[in-house]
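Here the protein sequences line up with chains A and B, keeping their order.
Quick note, the first sequence lines up with residues 644 to 811 if you use our numbering.
Quick note, the second sequence lines up with residues 55 to 178 if you use our numbering.
To be clear, the hints were calculated from the coordinates, so they are not data collected in a lab.
Possibly wrong hints are sitting among the right ones.
Said to hold, decoys possible - Heads up, simulated BS3-like pairs for lysine-lysine below, C-alpha to C-alpha not over 25 Å straight-line:
#1 Lys745/A <-> Lys794/A
#2 Lys725/A <-> Lys673/A
#3 Lys751/A <-> Lys698/A
#4 Lys745/A <-> Lys173/B
#5 Lys794/A <-> Lys738/A
#6 Lys172/B <-> Lys751/A
#7 Lys172/B <-> Lys794/A
#8 Lys725/A <-> Lys738/A
#9 Lys725/A <-> Lys745/A
#10 Lys725/A <-> Lys794/A
#11 Lys745/A <-> Lys789/A
#12 Lys738/A <-> Lys698/A
#13 Lys738/A <-> Lys673/A
#14 Lys673/A <-> Lys120/B
#15 Lys172/B <-> Lys745/A
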Amino acid sequence: MPFILTSIVGFLAYLVLTFPSGSTLGYWSKPEIGFGIAAGVIAAAIGGRLFCYYKNYRMLNPVRWVLFLIYAFGPFFIAMAKANIDVAMRVFTGKINPAIVKISPNLKTDLGITMLANSITLTPGTLTVDIDEDTNELYIHWIYAKELPAKIEDICGTFPEWVRRIAE
Amino acid sequence: MGAIIWIAAIIGVTFNALGSVALLRFPDVYTRLHGATKATTFGSIFTTLAVIVYGFVRWYYDGNPKYVILAVHAIVAVVFVLITNPVSAHAIARAAHRSEIMPVRAVVDELFNDNLAKKRGGTK
Chain A
644 MPFILTSIVG
654 FLAYLVLTFP
664 SGSTLGYWSK
674 PEIGFGIAAG
684 VIAAAIGGRL
694 FCYYKNYRML
704 NPVRWVLFLI
714 YAFGPFFIAM
724 AKANIDVAMR
734 VFTGKINPAI
744 VKISPNLKTD
754 LGITMLANSI
764 TLTPGTLTVD
774 IDEDTNELYI
784 HWIYAKELPA
794 KIEDICGTFP
804 EWVRRIAE
Chain B
55 MGAIIWIAAI
65 IGVTFNALGS
75 VALLRFPDVY
85 TRLHGATKAT
95 TFGSIFTTLA
105 VIVYGFVRWY
115 YDGNPKYVIL
125 AVHAIVAVVF
135 VLITNPVSAH
145 AIARAAHRSE
155 IMPVRAVVDE
165 LFNDNLAKKR
175 GGTK
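All chains should be built: construct the whole structure from the sequences, respecting the hints.
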């Protein structure tokens, strides 16, 4: 199963990279498809065990992918735009009140905590500095600490609920 | 169509410029990372968006496949920027904190406090 899954993902990635290469089979030429299958099989032979390390195939569910796209283009992008404008104003005014605070988002899986940490780091104003690997608590550098102790809604809004629905 | 490309490019360049100004304005490595990595990610999304729109528009009018190759590769590039940029920012911040560079003007540093407690008491 890890071998087949990884070769399919590698093949699809190869198809995306060589998108319009001919017109014999849809948008792809025959040699490109042959090379794509070969590349997918080689990649799966080398990295299949790493790609499916936990042998947990919950991310194959397409509902999770749709939710991920809605999350990426909806609440996440809006939060990112707002935070960018906020930090852009702070660049001019120099009004900062930095702090490193700890939040516990109660996520269990590695994928979930990685996704949340990356979302937090991509929104300016909050930066994941470290993680407590036993309890999955995140240490976050916050450029303007509104109130202490920090509330999780102030730092990352509704991100934890979204990530829980997507990745857990 | 030209207007969309211009607006996206101008927004992107503006945020990239602000990210560079942030390097000069902010006092320490953590606050500089906010401007230098994240504002530039947002800027890069918009400059790449301009490239993507340009590629698809030229493909629609000319039918030359080299433009759609440009657009697809720009999409791939922005996806990888979005994955790698927070990871590198996190790596820099973590390395800075582990080499005991303290955040300037910080009101509280719970990571430092917790590490100190761990060092003193063995387990947390």
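Requested in this report: Take the C-alpha atoms of lysine 794/A and lysine 738/A, compute the straight-line distance between them, and say whether it is at most 25 Å.
Outcome: 21 Å, holds
Query raised in the report: Does lysine 751/A lie within 25 Å of lysine 172/B when you go C-alpha to C-alpha?
Result: Roughly 23 Å separates the two Cα atoms, so the pair holds.
Query raised in the report: Is the straight-line distance between the alpha-carbon of lysine 745/A and that of lysine 789/A 25 Å or less?
Result: Status holds; Cα separation ~14 Å.
Requested in this report: Please work out if lysine 673/A and lysine 120/B have their alpha carbons no farther apart than 25 Å.
Outcome: 19 Å, holds
Query raised in the report: Are the Cα positions of lysine 738/A and lysine 673/A separated by 25 Å at most?
Result: 59 Å, violated
Requested in this report: Starting from lysine 725/A, check that the Cα of lysine 673/A is at most 25 Å away, please.
Outcome: 46 Å, violated
Requested in this report: Please work out if lysine 751/A and lysine 698/A have their alpha carbons no farther apart than 25 Å.
Outcome: Holds. Lysine 751/A to lysine 698/A sits at ~16 Å (cutoff 25 Å).
Query raised in the report: Are lysine 738/A and lysine 698/A close enough, with their CA atoms no more than 25 Å apart?
Result: Violated, at about 48 Å.
Requested in this report: Decide if the proposed pair is consistent with the structure: lysine 725/A and lysine 738/A, CA atoms, cutoff 25 Å inclusive.
Outcome: 17 Å, holds
Query - Restraint check for lysine 725/A with lysine 794/A, where alpha carbons must lie at most 25 Å apart - result: Within the cut-off at roughly 19 Å; holds.
Requested in this report: Starting from lysine 745/A, check that the Cα of lysine 794/A is at most 25 Å away, please.
Outcome: 9 Å, holds
Query - Pair hint outcome, lysine 725/A versus lysine 745/A [Cα-Cα no greater than 25 Å] - result: Measuring from Cα to Cα gives roughly 23 Å; hence the hint holds.
When the structure is compared with the earlier hints, violations turn up for hints 2, 12, 13 and for no others.
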